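Student: Each chain is listed here by its residues.
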Amino acid sequence: MSVIETVSATVTVPGETVPRVEFLPATVELLRMLWGKFGPLMFHQSGGCCDGSSPMCFAAGDFLTSDRDVLLGRLDIAPTGGEPQVIDFWMSVEQFEYWSHTFLSVDVVPGRGSGFSLEAPEGKRFMIRSRLMEGFGPDA
Amino acid sequence: MTTYATPGSEDAKVTFKPRYENWIGGEWVKPVEGQYFEDISPVNGKPFAEVARGTAADIELALDAAHRAAPAWGKTSATERAAVLNRIADVIDANTELLAVAETWDNGKPVRETLNADIPLAADHFRYFASAIRAQEGAFAEMDGSMTAYHYHEPLGVVGQIIPWNFPILMAVWKLAPALAAGNAIVLKPAEQTPVSILVLIELIGDILPPGVVNIVNGFGVEAGKPLASSPRIRKIAFTGETTTGRLILQYASANIIPATLELGGKSPNVFFKDVADHDDAFYDKAQEGFVLFAFNNGEVCTAPSRALIEKPIYDSFLGDAVARTAKAIQGNPLDTDTMVGAQASNDQLEKILSYIDIGKQEGAKLLLGGERVDLGGDLSGGYYVQPTIFEGHNKMRLFQEEIFGPVLAVTSFDGYDDAISIANDTLYGLGAGVWSRNGNVAYRAGRDIQAGRVWVNNYHAYPAGAAFGGYKSSGIGRENSRLALDHYQQTKNLLVSYSEDKLGFF
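Which chain is which? The protein sequence lines are L and A, in order. Per the working numbering, the first sequence starts with residue 1, numbered consecutively. Per the working numbering, the second sequence starts with residue 1001, numbered consecutively.
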């Protein structure tokens, strides 16, 4: 059994050169389990209210994205040598305007539910941990 | 002071059942798949009851019951429905302490709030809509001398409602009361973080309602909420929550061509103009409290005044007084009536709040107060407690832009009226706002210029049933409270009647 490592996103935002999303190992492990249960997956980052600011995980295509969303990155959770299991990570354009200076690490914590996100029945919640991106700042 | 006994103990106001089923067709119904989940009290982090883990099959049962009940309920007179709503209100009033303790145990909020806000407001809400439906009139208009257009209000039929965890009973009542008054049957899905308190309420009021008029299915969003929201058997969906799920709800509603009302939260500015500090008097004291209200309900309010904007000339003095006042807020056992700050509703909520405190520090915001998790020790050691926290920074920081949904305040200064409005409106959201000034003209203009559905002027966090509540911008669609809420639960039937024997003459 190989040790699960953090998975970093490909760069998908036009004009950028560094990733802005990663899945921590516990996240990768949970996502592999959910992929086995539900098939291909996607994320959309939520904002506002009770369960807001949570990354929501859906079956790929369940949530309709549009040109009002930004693809922040694509993350392959497949074990080394396995068939690719690529998960797109989305955020609305308007939210990205306020979030773009931060790098997002998707973690897992024990918890109870959040919207229609697929992990909730497992008693776990995906959660964002953030750090500042180099070269970006929350300009006053 | 009073400290209420832990539920289930001797002298307790409420004893929970070990297991709660779904409430369908006026009785307790076991979940079809036979599964349950634990309800955890945030007060001590321990499970206290098992709750049915509903799935699509249970939603179908509930919809069956609702469809059986809807035709007769929809034909009752407004007088009859109003009488039912008033009886419900009376039962709530007669059980205030029981419901308040149950709500505090399920959600973690201080019992002083459930006793004085959540539960009395819930009772009043039913009374308001009992009155509103009786006072509602249709309309008619004379088209010409022999034709009249009559407009009748008709119920939609069966509606779906998805409830948040921050005011589990009151938010359910905000949706139930207008829907019932208008003559609809309901399938309601509570939040999985707080599934029990609404069931304690339905135990008390269930026999007042005809079977099937209100059905409650618990479970997880993806397993129970989604089948409800996407069902072709509902004529409307109401949701309170966050933006991504809000968009999903709209997506499902579009597939069924039904209306959706959404309440999606905010990042509400609380604007203090300099004349607030002209005198050290009762108004100044009120404005100071208005600042500290960011910690009301542990900050878990969609309209929490989580951005304080203070005019430069009074910035240091007003903020100094307000930080000192916040520091005196008593945090402790939520069942103690002296407690002002209780527990956050869930572990993941606690973790999220701490992650925001972390990003605030990284962004360079200055921590003025709090910033740590609290261990209250003893039985409460496992509970989810965070210190009231105040950061100073600027409006582009994520602290100022995201709804943290905890007792975390972001403070900044402004330079004159235009700057205040500019900062206040620099947000995705537009649910609530506060404006404080001794100058009525300034307060009026600011209230009109801030893009939010509810602007509290010289007060905050009042929720009378007669005042419309809802969002501008990304904060949602539709209005709750006030008679406007009825519109979202009614169809308009137009009878266009000819009182003439003359044909059109086309054929």
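Quick caveat, the hints were computed from the structure, so don't treat them as lab data. It should be emphasised that the depicted structure is a prediction, and the values quoted were computed from it without experimental measurement. By construction, the Cβ of each residue, glycine as well, lies at the ideal position given by its N, Cα and C atoms. Keep in mind that a hint or two might mislead.
Capping the alpha-carbon separation at 16 angstroms, the derived lysine to aspartate or glutamate pairs in EDC-like fashion look like this [said to hold, decoys possible]:
no.	chain 1	residue 1	chain 2	residue 2
1	A	Lys1017	A	Asp1321
2	A	Lys1030	A	Asp1011
3	A	Lys1286	A	Asp1321
4	A	Lys1473	A	Asp1502
5	A	Lys1396	L	Glu94
6	L	Lys124	A	Asp1321
7	A	Lys1473	L	Glu22
8	L	Lys124	A	Glu1203
9	A	Lys1075	A	Glu1154
10	A	Lys1396	L	Glu97
Residues from chain L shown here face chain A by an in silico Cβ test under 8 angstroms; the list is partial [said to hold, decoys possible]:
no.	residue
11	Ser53
12	Met56
13	Glu94
14	Phe116
15	Pro121
Reference listing, derived: stretches of chain A covered by chain L, where coverage requires no fewer than 3 residues with Cβ under 8 angstroms from a Cβ of chain L [unchecked claim]:
no.	region
16	1099 to 1109
17	1176 to 1190
18	1457 to 1467
Student: Against each hint, give a clear statement of whether it holds in the structure.
Tutor: Against the structure, the hints come out as follows:
no., hint, verdict
1, A:Lys1017 - A:Asp1321, "46 angstroms, violated"
2, A:Lys1030 - A:Asp1011, "30 angstroms, violated"
3, A:Lys1286 - A:Asp1321, "12 angstroms, holds"
4, A:Lys1473 - A:Asp1502, "51 angstroms, violated"
5, A:Lys1396 - L:Glu94, "13 angstroms, holds"
6, L:Lys124 - A:Asp1321, "41 angstroms, violated"
7, A:Lys1473 - L:Glu22, "30 angstroms, violated"
8, L:Lys124 - A:Glu1203, "30 angstroms, violated"
9, A:Lys1075 - A:Glu1154, "9 angstroms, holds"
10, A:Lys1396 - L:Glu97, "10 angstroms, holds"
11, Ser53, "5 angstroms, holds"
12, Met56, "5 angstroms, holds"
13, Glu94, "6 angstroms, holds"
14, Phe116, "4 angstroms, holds"
15, Pro121, "5 angstroms, holds"
16, 1099 to 1109, "violated (count 0)"
17, 1176 to 1190, "violated (count 0)"
18, 1457 to 1467, "violated (count 0)"
In terms of the numbered hints stated before, the structure departs from hints 1, 2, 4, 6, 7, 8, 16, 17, 18, listed from lowest to highest.
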